[in-house]
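Asks: Residue numbering for the sequence shown follows the numbering used here, starting at 41 and increasing by one per position.
Check the hints yourself; a few may be wrong.
What the hints assert, rightly or not - Straight-line alpha carbon distances no greater than 27 Å define the calculated DSSO-like cross-link-like pairs of lysine-lysine that follow: (1) LYS75 - LYS44; (2) LYS42 - LYS75; (3) LYS42 - LYS76; (4) LYS42 - LYS83; (5) LYS84 - LYS44; (6) LYS83 - LYS44; (7) LYS42 - LYS84; (8) LYS76 - LYS44.
Unchecked claim - Pairwise CB distance ranges, derived in the manner of DEER restraints: (9) GLU103 - ASP68: 28 to 34 Å; (10) ASP48 - GLU81: 27 to 33 Å; (11) GLY70 - GLU103: 16 to 22 Å; (12) GLY70 - GLY97: 25 to 31 Å; (13) GLU82 - ASP48: 27 to 33 Å.
Simulated from the structure, these hints should not be mistaken for laboratory data.
Even for Gly, the Cβ is constructed at its ideal location relative to N, Cα and C.
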Amino acid sequence: MKVKVNRDSCIGCGACAAICDEVFEIDDEGLSVVKKEVVSEEKKQEVQDASDSCPTGAIEVEE
Numbered sequence: 041m042k043v044k045v046n047r048d049s050c051i052g053c054g055a056c057a058a059i060c061d062e063v064f065e066i067d068d069e070g071l072s073v074v075k076k077e078v079v080s081e082e083k084k085q086e087v088q089d090a091s092d093s094c095p096t097g098a099i100e101v102e103e
C-alpha cells in the first residue's frame, strides 16, 4: 500500500496523525506529511481509518 497527502487539500486538522502517527505527522506549516510512503500490512487498517477520517479527502491510498 502506498499513501500520499494532497497538501493543496489538507487543512491540517491532525486527525491522520492522531490515528496513525507512525505514517503521518503535522509539519511546521501545519499540514500533514507522510513519514512512510510505503505502508506495511499491519498498518494498513490504521492508514485506511486515517484516510476515511480526513474531512477534506486529502489522503490518497493506493493498493
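Asks: All hints, please: hold or fail.
Replies: Against the structure, the hints:
1. Simply put, LYS75 and LYS44 have alpha-carbon atoms about 9 Å apart, close enough for the 27 Å limit, and the pair holds.
2. Our distance criterion of 27 Å between C-alpha atoms is met by LYS42 and LYS75, whose separation comes to about 12 Å.
3. Taken as a hint, the LYS42 and LYS76 pair is honoured in the structure, with Cα atoms around 9 Å apart against an allowance of 27 Å.
4. Restraint check for LYS42 and LYS83: satisfied, since their Cα atoms lie roughly 11 Å apart, inside the 27 Å limit.
5. For the proposed pair LYS84 and LYS44, the alpha carbon gap of about 13 Å is at most 27 Å, so the pair holds.
6. In summary, the hint linking LYS83 to LYS44 is supported, as the alpha carbons are separated by about 14 Å, within the 27 Å threshold.
7. Distance restraint check for LYS42 and LYS84: the Cα-Cα separation of roughly 10 Å lies within the 27 Å cut-off, and the hinted pair is therefore satisfied.
8. Distance check on the hinted pair: LYS76 and LYS44 sit about 9 Å apart at the alpha-carbon level, within 27 Å; holds.
9. Evaluation of the 28 to 34 Å hint for GLU103 and ASP68 yields a pass: the beta carbon distance comes to about 31 Å.
10. Take ASP48 and GLU81: their Cβ atoms lie about 30 Å apart, and the range 27 to 33 Å holds.
11. Distance hint check for GLY70 and GLU103: the Cβ-Cβ separation is about 29 Å, which falls outside the suggested range of 16 to 22 Å.
12. At roughly 18 Å, the beta carbons of GLY70 and GLY97 sit outside the given window of 25 to 31 Å.
13. Taken as a hint, the range 27 to 33 Å holds for the pair GLU82 and ASP48, whose Cβ atoms sit roughly 30 Å apart.
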